[in-house]
Amino acid sequence: MKDNFKSLLKQYRIDNNLSQNDFVDMFISSNNFLLKLDTVTLSRWENGKTVPSIEKKMNIMRTLNLLTQYIDSIRGFDKTTKIDASLNIRFGIEYERYKKLNGIDTTQNIQFEHISDKKNLHAHIEKYLMPETIEIINIDPSPTLSIGHWFLNKKTEAFFIHAFVNENIYNNYNYNYNNINSIILLEQVTSTRIFYKLCLLSAFNTLLNNNHIDYVFAFANTKFYLKLFLAIGGDIITTIGDLSAPPPCNEVILKHTTVIKIDAIKLLSNKDFLFFCLQSRTELKITTPQLLAQIDDFKC
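Heads up: the sequence shown begins at 1 in UniProt numbering, then just goes up one per residue.
Treat the hints as calculated values from the structure; they're not laboratory data.
Derived pair list, reagent style DSSO-like, types lysine-lysine, alpha-carbon separation capped at 30 Å: (1) K266 x K10; (2) K261 x K2; (3) K227 x K2; (4) K299 x K2; (5) K79 x K266; (6) K155 x K127; (7) K6 x K36; (8) K49 x K2; (9) K299 x K56; (10) K227 x K255; (11) K49 x K79; (12) K36 x K266; (13) K255 x K127; (14) K49 x K36; (15) K271 x K227; (16) K266 x K299; (17) K227 x K266.
Input sequences plus hints: build the corresponding full structure.
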């Protein structure tokens, strides 16, 4: 993997008339993860003599508000990722779930809408939501939502629902309504691989556009996706659902919904997630640029 980390770092320092000592002091005062930084290390970074970890690069670029520019500079991401390998499985399970929502129409002229208020959510989607989602969107005061909906001839092709919350969303005693530092990926239902990639890119864009988002939450309902979430850096924080419920008939389905929490920078730094998003963006620019432009046009 190649990127423009060293040139972005050095150019920022030059543009802001900072000496290397000033730059080091700025980093140390604002970031606990750089407390041991010194001018020798900074100089080696700027000259490409040594390279920090990708997670540290992400943290540094986010501190400088250069994360998007850094992401755009990454090259050499043409490797098979765990997420890409999962799509064959997903479009067995996911396709069956999607068919329950409505019939499939594969013609062109897909329309897209972005919604930030549950009051504007389509009735047939609202009736379809998981209990876990309904509980979150009905919190009082209501959280800010990011809802993407692709449809054709009044038929839904895909939708996602994200909610902006505090990291203690599953700890009622410490929930802070005034510190919204996390996003929870509540729903993602897609008819095809293209829409799956668009949904994931929407979450990716949200992380790039919101430096205050420190954590990402997601639900796992199958053993396969629980394993995938853990592989890309997630931790299990709780399970939700009826504890007395009988075990599912399908052995791949988890008895209880598992809630996963992932550090945002850790997720962005994970090469399976990062490379999949970059590959998807490159592919969609060529195959369906109009659909990619739709999600790039809205800001959460």
